[in-house]
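Participant: In case you want the letters, here they are:
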Amino acid sequence: MTTEQTADVRTGTDVVLEARGVTKHFPVRRTAGDLLARRRRTVHAVDDVSLELRRGTVTALVGESGSGKSTVARLLAQLYPLTAGEIHLGGSAVKAGRGRSFRTYVKQVQLIFQDPFASLNPVHTVRYHLTRALKIHGRAGSGDAELETNLAALLERVQLTPPHQFLDKFPHELSGGQRQRVAIARALGADPQVLLADEPVSMLDVSIRLGVLNLLRDLKERLRLAILYITHDIASARYFADTTLVMYAGRLVEGGDSEQVTQHPAHPYTQLLIASAPDPDRVADEADQEETGSGEPPSLITPPAGCRFHPRCPKAMERCRTELPPRFGLADGQWAACWLYDGTSAQEAAK
Amino acid sequence: MTAEPILTISGLNVDYGTGTSGVHALRDIDLTLHRGEVLGLAGESGSGKSTLAYAVTRLLSPPGVITGGDVHYHRPGAEPVDILALTPDELRAFRWQELSIVFQGAMNSLNPVHTVHSQLTDVLKAHRPDMRQADRTSRAGELLTLVGISADRLAAYPHQLSGGMRQRVMIAMALALEPEIVIMDEPTTALDVVMQRQILRKLVQLREQLSFSVVFITHDISLLIEFSDRIAIMYGGRIVEQAGAAEIYRDPRHPYSDGLLHSFPALHGPRRELTGIPGSPPHLSAMPAGCAFHPRCGKAFEPCSERVPVLAAPDTGQDREVACWLHH
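Protein chains in written order, with the UniProt record's numbering: chain A, 1 to 351; chain B, 1 to 328.
Be aware that one or more of the hints could be misleading.
A few chain B residues that face chain A, going by a derived Cβ cut-off under 8 Å, partial list only [unchecked claim]: (1) V193; (2) G259; (3) S280; (4) L284.
Far from chain B by the CB rule (all over 10 Å, computed), these chain A residues [what the hints assert, rightly or not]: (5) R39; (6) S50; (7) R55; (8) A77; (9) A118; (10) S119; (11) A153; (12) G211; (13) L219; (14) F240; (15) P278.
Residues of chain A placed beyond 10 Å of chain B at every Cβ, according to the derived structure [stated by the list, open to error]: (16) K107; (17) R139; (18) E259; (19) T302; (20) E323.
If you're looking for bench data, these hints aren't it; they were derived computationally from the structure. For each residue, glycine too, the CB sits at the ideal point set by N, CA and C.
Pulled out of the complex, with its shape left as it was, chain B reads as follows (with noise of 0.2 Å):
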């Protein structure tokens, strides 16, 4: 990938709680997001996408703490700002404005009580406190409309519209400001499969007409092998493989991207015997040592359980990296 890198991530740690009932929720993260890319971020629950996200926007509760690392967003043509380092009014205005996030289950987000429209025009509100109050209103209609809503559904109230409409909402309200980046945590994963592929089909088309990248997290990986440019996958609270979407689906060179790669049955194709991955993934209390994965892994050898792979190429000159003593 030859664009420019929008978001930087190193070494980034998280604990949950501290001292000795702490948990290493994610352990030295390093990821970049490059500019009008979606970047898929997979993994099984607990294995700490979600803490990324959370982290990466500050929006991380206690008992999580940030223990180290850097996030880095580059304004284009300006100096990178440090996120970790923002102050709250400098957080205030750096979110939505530059980075909006759309979370899990979000069509339950919206607040029962106001009407799309007031929540719509809260946004612009809180950020564009000069703009008038007509403008405000037509420009709540346009962003329904981006996502496929017909304006006159302004009035409406949550309860009046469907899962995928209130779901689509959510992204509209996202895309209020024109961020640079969206984080979309399981965006679609309470929706119906045809649902979730008018979204997703829409928010591709939205992405090419105003340019912003997206960080796209979700367990399913059939899903960001068809939606994302790069897929990193994560497990135990470490990315253990990043590559090209196509690249991870020919050639996944993690046992675990394997393993997950063939844990959904095809819908076309031979039907074949499928296994899953035996043993379930680990509880962050009573993490492996070395490899996160190796309790479970049919490809387990010496080093395995004893040392921590480290996230690298595998060969050469290749733009992939894997964290597994096979390829090191």
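For reference, chain A alone in the conformation it holds in the complex (with noise of 0.2 Å):
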């Protein structure tokens, strides 16, 4: 454990968090046939996800419902036991069982879940949750009016203010974006250095989602946070995280700058998720559309061989079938999991 090196300067943007190889499988219940055969099925949610969340960054993962992303955030948040790979955490590997070890974990990684109306106890008070996580990060200070000073200013840094009234309120008394920002303040009780944001917005009006992500964002600016977004979303990453990454099926398949992505999408899944996405500038063209593919994704027990994104690829080749394609970098900083870009053609086939 190297939680004696948190009071790390924080500047520069150095990695903070970083998976390397980050596998998980469920097993399936196994049936009588099961048994039989002396088979053991799995559930490939996550397979070899590599990916480094810097310090003063959002790092934006999108993919679809059941892609995996919020099993690569519990696996980071160290709530589910990995099945290959290491997480490190400031530099070294880190392996949090439970008890005191998970404890100085979660005092630098926090989770912050989607639904605000389940995260927070409803039989509590707004100062019940936020004293109960200072107190067990050990940042309450010493007497009550510290106390009380602390609970205003994590309230203030959420932008609930003034923190007094807001402070003996039950969740049921708030809006959804405030019982979301008391979910944050009670993240940042911890003082971490990592967030870990689950769809944080996906269950709010639309109207409070943007005020929500530019708290966020004003966070990680004067907090120096490193954050993890997670969203099915992909326009709000382009307007959120500096960089994203784009899951399908388990696997990373697209890396980069987030505007590269979003405006040069190189993976025929990005593309297809790009084409799908909602936008209004395309009433006009509606008509000369191509088609950019179709289908559902793939069962994740029997997952595809080769690239698991093949059989609903319209650019599939015959070596998409067997092979799994390693990253391909791009310009900028860009990468692809996909054989289109393996040696010359790339500059050509990412037009």
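Once you've looked at the hints, go ahead and assemble the two chains, each given alone in its own frame, into the complex.
Facilitator: This is the structure in structure tokens:
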């Protein structure tokens, strides 16, 4: 454990949390047939995912439901044991079990859930939620006065002002946006270096989503947090995240600068995702839309061999059916796991 | 729009509860659906858009009560039908035959212990009792093909189908009797964008083939702009603006419409700072006086907090309406 390094100067964009070849397979309940055949089936939820979260940057993880993006967040939060791979925090491998080692880990890596209606306890006030977070992580200070100041500071940080108006409220007295802010304040109570946000705005009303995203961005800048933003909405990734990773059927398929990935998607799946996103500007040229592929994500119990996207891919080649594509580097730090970019034809195919 | 109206709603009021504990969920809704048109209904949660769908189909369950207004269905070449005055028997014949509805989270509204076949033929059995069994089966197969599912999946149980397929089964069921109007309440919200686009494209094709009218309810206004002809935007139980989809997009008149449009980050074009709308949507039991939007509105001025603006054309001779003091 390297928890003693937390007092690092919060500058630069060095890697805080890193996943190396992280894999998670969930066992499937064995049927009589499986027992007879001596077969153990697993859901390949996450396979060989490597990513880096850097200080002061937002990394978006985009994918459809069932692509494994939430599992990645839970793995990074050490809520599940890994099947394979390593998680590095501040440069060294960490394996948090339960009890103390887990607590020192969560002090630095905090998770925010999608549903602020479910993630706050309805029978407790905002004060209780925040006090508990501060006490558990040893930041409550000594004495009531100091605790009160710390609580107020937390609420101000998430723009719930004046704090005294919110401290003694119950979750049902708050709107969705306010509740999600309380959830964020609770995460900040640990003074973490990494915030894992699993669809933090998709349950909120559309008019207040941006307010919460802007708040997270403000926190990133002021506190130099490394944020993982998990979403299915690639347009919001473009707006909010510095780098974007695209996930399909348990594997990362493309990554790079958000602007680059959304404006010049390289992987056919990213292209499909972008072509499918609602876009008011498309009204005019509805007619000349090309078909970018269809179908549905594969079963993760028996994922397709080779590239997992090949059954749906309009550009699939023979090779895609058998060989798993590695990451191919493209211009400006963008990469794609697709055979189209193997070798010299990369530039032409990227257009 | 020159097409004839098929559904007219005028002065519709809906309350939840009565007496002092009652809240007004819908107030003075005036809306017209024209033949063959896709009418988009946008709004946040609590704006009353689903209540409107329920009220129009008379599916509103207590404590919801319709306290005023009219809903008329204009049958081609016949007298308009007053939906709110239909007897239970007439209502049963009217529903699904003339007007069908696809619910929010519809993919979970299939019965898990019956096959797709039995659920699709059940609709036909109820409304076309003299149809033969074999005809019903072939019609069910036809319907599945229509929504892009191969007819051999008729024997499947709902759990054997993916979410997108179940949703399409629900759409097939809604189209089973070739109704004139289909109301879709957030039909694709639970689905992924790729599937959402496939289903909506299918729907657009089907509408061209079968020429029904659609009321499409969602909170995703960028989706509406792409897929509907006309859009009505609701806030706090009232329609605050209605206009053609392109007009709303290019030139929103109500500050709320403007704010809503600027709440969705764009996928293309320059990356700009977006703010959303400050504050949060009002609660039905504590609706602000005057214009319900005024506490969140950057352009609010003196009359906004006192008097309710009426929905009217901003300038004479325009086919759009807005309820805002800035334009009256």
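Participant: All hints are to be evaluated individually against the structure, with a verdict given for each.
Facilitator: For each hint, the structure was consulted:
1. This hint holds: B:V193 has a C-beta 4 Å from the nearest C-beta of chain A, less than the 8 Å allowed.
2. Hint status for B:G259 relative to chain A: holds, with the closest Cβ pair at about 6 Å, below 8 Å.
3. For the restraint placing B:S280 at the interface with chain A, the shortest Cβ-Cβ distance is roughly 4 Å, inside the 8 Å limit, so the hint holds.
4. About 13 Å separates the beta-carbon of B:L284 from the nearest beta-carbon of chain A, more than 8 Å, and the hint is not met.
5. The Cβ of A:R39 sits about 21 Å from the closest Cβ of chain B, beyond the 10 Å cut-off, so the non-interface label holds.
6. No beta-carbon of chain B comes within 10 Å of the beta-carbon of A:S50; the shortest separation is about 24 Å.
7. A:R55, annotated as away from the interface, keeps every beta carbon of chain B farther than 10 Å; the closest lies near 22 Å.
8. The beta carbon of A:A77 sits about 24 Å from the closest Cβ of chain B, which is more than 10 Å, so the claim that it is off the interface holds.
9. For A:A118, the requirement that its beta carbon stay farther than 10 Å from each beta carbon of chain B is met, with the minimum near 16 Å.
10. No beta-carbon of chain B is positioned within 10 Å of the beta-carbon of A:S119; the least distance is around 18 Å.
11. For A:A153, the non-interface assignment is confirmed: its Cβ lies about 22 Å from the closest Cβ of chain B, beyond the 10 Å cut-off.
12. Distance to chain B contradicts A:G211 as a non-interface residue, since its nearest Cβ pair spans about 5 Å, not more than 10 Å.
13. With a minimum CB-CB distance of about 17 Å to chain B, A:L219 clears the 10 Å threshold, and the non-interface call stands.
14. The Cβ of A:F240 sits about 7 Å from the closest Cβ of chain B, inside the 10 Å cut-off, so the non-interface label is violated.
15. Under the 10 Å C-beta cut-off, the non-interface status given to A:P278 relative to chain B is violated; the minimum distance is some 4 Å.
16. No Cβ of chain B approaches the Cβ of A:K107 within 10 Å, the least distance being about 32 Å, so the stated non-interface status holds.
17. With a closest Cβ-Cβ approach of about 29 Å to chain B, A:R139 is found to remain outside the 10 Å limit, as its non-interface label requires.
18. Not every Cβ of chain B is farther than 10 Å from the Cβ of A:E259; the closest lies at roughly 7 Å, contradicting the non-interface assignment.
19. The claim that A:T302 is not at the interface with chain B holds, since no C-beta of that chain comes within 10 Å of its own (minimum 15 Å).
20. Every CB of chain B lies more than 10 Å from the CB of A:E323, the least distance being 25 Å, so the non-interface label holds.
Violated hints, listed in ascending order, are 4, 12, 14, 15, 18; each of the other numbered hints is respected by the structure.
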